[in-house]
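Enquirer: Residue numbers (my numbering), protein chains in the order written: chain F, 1 to 115; chain A, 116 to 231.
Since the hints were made in silico from the structure, they are not lab data.
Note that beta-carbon positions come from the ideal geometry of N, C-alpha and C, so glycine has one too.
Incorrect hints may have been included.
[Said to hold, decoys possible] Ranges of calculated distance between the beta carbons of each label pair, as one might list FRET restraints:
hint, chain 1, residue 1, chain 2, residue 2, range
1, F, Ser96, A, Ala116, 42 to 52 angstroms
2, A, Ala131, F, Val14, 48 to 58 angstroms
3, F, Asn7, A, Gln171, 40 to 50 angstroms
4, F, Thr15, A, Pro231, 43 to 53 angstroms
[As the list claims (entries may be wrong)] If you only want the chain A side, here are some residues facing chain F, beta carbon under 10 angstroms, derived:
hint, residue
5, Ser157
6, Arg158
7, Cys207
8, Val220
9, Lys223
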Amino acid sequence: EAQVTQNPRYLITVTGKKLTVTCSQNMNHEYMSWYRQDPGLGLRQIYYSMNVEVTDKGDVPEGYKVSRKEKRNFPLILESPSPNQTSLYFCASSPSAGYSNQPQHFGDGTRLSIL
Amino acid sequence: AQTVTQSQPEMSVQEAETVTLSCTYDTSENNYYLFWYKQPPSRQMILVIRQEAYKQQNATENRFSVNFQKAAKSFSLKISDSQLGDTAMYFCAFGDPQGGSEKLVFGKGTKLTVNP
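Work out the full structure: start from the sequences and follow the hints.
Expert: Below you can see the structure in the form of structure tokens.
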């Protein structure tokens with residue numbers, strides 16, 4: 001089954017404790033992206049990756065890091081989480097740039113609470 | 116930068132009736148894509164329908180259809196024969212394949228409630 005898998009689904013943690021949210025896709029997609037969803041703001045892009053070892057900032061990259069060492073994985077790293085990073089996070093992937101006939105596939109989301 | 120506006124934070128409709136969700140966007144691009152995503156209480160992001168800007172014909176998917184007005188930069192979603200399972204947040208999104216980042220720009224969402 002084609003899917004984007006995020007882990008964990010839920011996490012409550014404390015300020016300053018480094019955490020990683022993993023994202024893996026099994027569709028051999030080139031493009032992967034992270035979004036955060038906040039009430040009243042919709043979804044906003046954090047980082048994206050066009051392919052292995054190619055990453056770039058989205059609209060709200062502050063406080064986040066990413067890496068793309070393998071095509072299937074695109075982890076989101078919060079080196080020193082703060083309460084303003086409490087949010088719902090989505091990983092998404094698509095075959096390549098330009099959308100063609102394939103839209104982005106989303107993971108099921110990760111609810112992060114930073115105390 | 117592109118922006119997407121959904122002017123209806125919340126809407127409700129009776130089961131079996133028709134409802135239209137509005138979306139407007141701002142861009143200087145000529146070729147782009149538009150999407151409607153549904154987010155039920157399970158939080159999944161589910162693609163409802165998509166439209167390529169170069170196609171004049173409005174997209175349809177079963178009970179879902181769009182009214183795409185390119186000149187007016189409007190992209191509304193019509194849900195016919197509403198069902199209880201249509202209760203969800205609906206997000207309009209703009210995609211620019213020439214923008215370089217390939218990101219989707221989302222509106223703030225419309226919460227739709229279908230009443231029995």
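Enquirer: If a hint holds in the structure, say so; if it does not, say that too.
Expert: Structure-based check of all given hints:
1. Checked against the given bound of 42 to 52 angstroms, the beta carbons of Ser96/F and Ala116/A, roughly 23 angstroms apart, lie outside it.
2. Ala131/A and Val14/F have their C-beta atoms about 49 angstroms apart, which keeps the hinted 48 to 58 angstroms range intact.
3. Between Asn7/F and Gln171/A the C-beta distance comes to about 43 angstroms, which sits within the given range of 40 to 50 angstroms.
4. Restraint check, Thr15/F to Pro231/A: a C-beta distance of roughly 44 angstroms satisfies the suggested window 43 to 53 angstroms.
5. A distance limit of 10 angstroms between C-beta atoms decides the matter here; for Ser157/A the minimum to chain F is near 8 angstroms, and the interface restraint holds.
6. Hint status for Arg158/A relative to chain F: holds, with the closest Cβ pair at about 5 angstroms, below 10 angstroms.
7. Because the closest C-beta pair between Cys207/A and chain F is about 9 angstroms apart, less than 10 angstroms, the hint holds.
8. Satisfaction of the interface hint for Val220/A is found here, the shortest Cβ-Cβ separation to chain F being roughly 8 angstroms, below the 10 angstroms cut-off.
9. Residue-level restraint check for Lys223/A holds (minimum Cβ-Cβ distance to chain F is 4 angstroms; threshold 10 angstroms).
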